[in-house]
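With chain A held as given, fit chain B onto it using these hints.
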Amino acid sequence: MKRYLLKRILTGLLMVVISVAINFTLIRLAPGNPVRIMAGIDTPNPEQIAQLTAKYGLDKSIPEQFLIYLRGILHGDFGYSYVTHKDVLTAIGEKVWPTLLVSLTGMAIAVVLGTLIGVRCARKEGGLLDRFMCAISYVCDSTPSFWLGLMLVLVFASQLKWLPTSGMVNMRGGFTGLAHVWDVIVHLTLPVITLVIVDYPYYFRIARSSVLQVMSEDYITTLRATGMSEKRIFNKYVLRNALIPTVTVVGGSLAFLISGAVFIETVFAWPGMGTLLFSSISKRDYPLLSGIYLIIALSVAVMMIVVDVVYSLIDPRIKYTD
Amino acid sequence: MKKKNVIAAKLGRAWKVIRTNAQLRTGLILVLILVALALLAPVISPYDPYKLTNELQAPPGTAGANGAPAHWLGTDKLGHDILSQMLWGARTSLRIGLTAALIAAVVGTLIGGVAGYFGGRVDKVIVEFVNIFVMTPSFFLILIIVAIFGSNMTYVMIVIGLTSWPGNARLMRAQAISLRSRTFIKSCQAMGESKLSIMFRHIIPNGIFPIVANTTMMISGGILTEAGLSFLGLGDPNIISWGQMINAGKPLLTKAPWVALVPGVAVVITVLAFFLIGDGLNRVIAPKMNANK
Chain A
1 MKRYLLKRIL
11 TGLLMVVISV
21 AINFTLIRLA
31 PGNPVRIMAG
41 IDTPNPEQIA
51 QLTAKYGLDK
61 SIPEQFLIYL
71 RGILHGDFGY
81 SYVTHKDVLT
91 AIGEKVWPTL
101 LVSLTGMAIA
111 VVLGTLIGVR
121 CARKEGGLLD
131 RFMCAISYVC
141 DSTPSFWLGL
151 MLVLVFASQL
161 KWLPTSGMVN
171 MRGGFTGLAH
181 VWDVIVHLTL
191 PVITLVIVDY
201 PYYFRIARSS
211 VLQVMSEDYI
221 TTLRATGMSE
231 KRIFNKYVLR
241 NALIPTVTVV
251 GGSLAFLISG
261 AVFIETVFAW
271 PGMGTLLFSS
281 ISKRDYPLLS
291 GIYLIIALSV
301 AVMMIVVDVV
311 YSLIDPRIKY
321 TD
Chain B
1 MKKKNVIAAK
11 LGRAWKVIRT
21 NAQLRTGLIL
31 VLILVALALL
41 APVISPYDPY
51 KLTNELQAPP
61 GTAGANGAPA
71 HWLGTDKLGH
81 DILSQMLWGA
91 RTSLRIGLTA
101 ALIAAVVGTL
111 IGGVAGYFGG
121 RVDKVIVEFV
131 NIFVMTPSFF
141 LILIIVAIFG
151 SNMTYVMIVI
161 GLTSWPGNAR
171 LMRAQAISLR
181 SRTFIKSCQA
191 MGESKLSIMF
201 RHIIPNGIFP
211 IVANTTMMIS
221 GGILTEAGLS
231 FLGLGDPNII
241 SWGQMINAGK
251 PLLTKAPWVA
261 LVPGVAVVIT
271 VLAFFLIGDG
281 LNRVIAPKMN
291 ANK
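Which chain is which? The protein sequence lines are A and B, in order. Last residue of the first sequence: number 322 in our numbering, and the count goes up by one each step with no gaps. Last residue of the second sequence: number 293 in our numbering, and the count goes up by one each step with no gaps.
Since the hints were derived computationally from the structure, they do not count as laboratory data. This structure is a prediction, so every number in the text was calculated from the model and none was measured. Cβ atoms here follow ideal geometry from the backbone N, Cα and C, with glycine treated the same way. Keep in mind that a hint or two might mislead.
Covered, in the sense of this in silico footprint (three residues per stretch, anywhere, with C-beta under 8 Å from a C-beta of chain B), are these stretches of chain A [unchecked claim]:
#1 134 to 144
#2 270 to 282
#3 295 to 308
Here are the simulated PhoX-like cross-link-like pairs (lysine-lysine), alpha carbons at most 25 Å apart as the crow flies [to be verified]:
#4 Lys250(B) x Lys7(A)
#5 Lys51(B) x Lys77(B)
#6 Lys255(B) x Lys161(A)
#7 Lys124(B) x Lys2(A)
#8 Lys124(B) x Lys195(B)
#9 Lys283(A) x Lys55(A)
#10 Lys283(A) x Lys124(B)
Isolated chain B, as found in the complex:
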């Protein structure tokens, strides 16, 4: 019974935060719409995204042949329906952004947590290691890895994730250092709880919030990176992605500008949505910086 009340109180507080925080509210609404569209893609797409229709480079609003649905956002050079491709592309963007950010969150939290809580020599070695990582130009590294080892989507997600964790590690380390001198951690130590168990049961759960905010921002970063790689022609050829659509629209820029325009707008909105959520969460953490209420 008591636990139920605690959960209800927490939900109530979360709701109040969402209601009063414009960034968070806007971002959450946008993300919900995007996720819904991505999930419903197989149902609501007017065409199979791979289908080559007979209307080539048709401007938005062109009617389909023989009573087929209209091409509300036009078609590309090969006759793909852009609206359908957009909906399927949303799945790619969300999947890559979420997976990459999650990998970065887990790796960063573990490394930063160990460094901050264990301290001493372990900390020193990890800090230097993180410094090396911060100094590598990560996009350059991603570019080389993807270009040389192949542009499989799984690779892209893992590589983006494994190159973007240092920020999280630094945040978690700072959290762990400040938490480890608190009384409740000291009591756990006095009661003989093992170091690893304290780290996983107390340090990480209590210090995770800034990492959550940062991870949301990193979803944006992941989506942008994937779009960039695809634009450079290094995307996975077996999937539909907004970056690849922009790349396909580049040579058609003057003849069929909608081919590049539409997916670009989608990238901006998606990245903006996650960015707003991350920023909103940061404002919750540091209310002092809450400038425009």
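Excised from the complex, chain A in its bound form:
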């Protein structure tokens, strides 16, 4: 196990470095240049451009720039955002919490709801609820989140006026304490509902099919033959085995959580990573873009390893060797 883990961490690191290198190169190969934007459009001064280029190290070759970047990261220096004039980590840190708030809440509800309905449908396979939920989940799966968000805004915010259309807080409210918390919750409702509707089918289907699969295993038939009560078989043997796939996919989704909410953030003008990503693309903010990508790649790599470990903890049949 220890050796396996060490190997996984090493390959994980290698993957992060490679994918960040690809991204680093890609961004710099693109047309458009941050120095031009910084120098201004009206009177681009060649001397100033040369000076800025040298200041940010953009006159060096791409491999050289990448090595300097890596060395910086090892010292905890992720670079300095050209546009927001902040340390990259600070700039990301400001925006990451709103994103995590909306996507974690949405995902938690989607996982619980999807799994509960999935397990229930599998127990009454082919019943009315099962058939209804299967049909609905196809439609939810096919719905683009941004469009669903717009439609929910149209109904619940514009027409019924129950909920705010966008933003994270009421700018004119200036609430503090509990009133502030309530304000955020009110603003959070529509984005979270959108996320839940779009995401729950995934967990629903996995829970449903894995319960069905476990129930058809031979050992369940054997337990039935021994005369054990159906309820006990289900709670003690089926459920535990059937939830393993859910754990895996939850881990996988957690990994992509930071980058996953671009659409929801755009529709609801949520001040998160999506907005940050967008502005850094349009202004060619190289360090910030690389920083966001690095954080995402790192979180993916870490989550993959965590999932593996959790996996072996909940299912003792799984043993890792190399």
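Just chain B, lined up with the frame of chain A:
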């Protein structure tokens, strides 16, 4: 003569599968209708999709001026007829979905086939390579590439295709590994057929079915991705697409909700259609999972 019988038998079997598989049947009917509408767009569109009519933000059913055809689905802010734009937009969605999925299918099949059949060191390197690809947040990558390099439709198709092949590669690799130990492959090897020829003539044709199912699902993914990019304002400005129509409808949401509503419904139906076909095919492959007959 004998070959003819085999084909007839295969067609008969396919027909029986379609008849008994509700998902497949519904999906195929929907896709046929969509393809027909897209192909007939130049004939049946009441207006030129780019034409700026004088009826601005007209609600669905508004009559056209001077005896021109009615705007059955209304018009947008600039007076474009929405029905005509919808029909032309169907072409964009189908083209992007199909091309992207096809690129992913070809790349995935080749890479997965080589890894699974050749095995050994080749396999190890390819598996690690695929793992790196799986770990890259692909939509994020697509976003950066399209935003920075330009939103030409060809780019969008190629980029979507080149970022979504790993699933296919994994499927094909598993297929190749299970096929390569079968007797008929062993006999081909014994007869001295070259490795590449065995891969293309036996491994890939015999193992392609799961990739076909997955590719159909990927058409849905491609259509959704294109709609998403267009919604973010990164669509090709020279074409008509449903995502761009939704984007155009966003600021008009309260005044003219149909502008965003109609293309969204079309996206849902199209994605659903391909999704149903893919799911239906998967049920054919694994009849055990065929839960709701």
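Coverage criterion applied to the region 134 to 144 of chain A (partner chain B; beta-carbon cut 8 Å; 3 residues):
holds (count 7)
Take the region 295 to 308 of chain A, compare each residue's beta carbon with every beta carbon of chain B, and decide whether three or more fall closer than 8 Å.
holds (count 5)
Does the structure keep Lys283(A) and Lys124(B) at a Cα separation of 25 Å or less?
Distance ~40 Å between Lys283(A) and Lys124(B) Cα, so the pair is violated.
Agreement of Lys124(B) and Lys195(B) with the hint, judged by alpha carbon distance not exceeding 25 Å
holds (18 Å)
Pair hint outcome, Lys250(B) versus Lys7(A) [Cα-Cα no greater than 25 Å]
violated (49 Å)
Given pair status - Lys2(A), Lys124(B), alpha carbons within 25 Å
holds (22 Å)
Could you grab the alpha-carbon distance between Lys283(A) and Lys55(A) and see if it respects the 25 Å cut-off?
holds (18 Å)
For a C-alpha distance cap of 25 Å, please report whether Lys51(B) and Lys77(B) respect it.
Holds, at roughly 12 Å.
Straight-line Cα separation of Lys255(B) and Lys161(A) no greater than 25 Å?
holds (15 Å)
Taking a Cβ-Cβ distance under 8 Å as contact, does the region 270 to 282 of chain A have three or more residues in contact with chain B?
holds (count 4)
Of the numbered hints listed earlier, those contradicted by the structure are 4 and 10.
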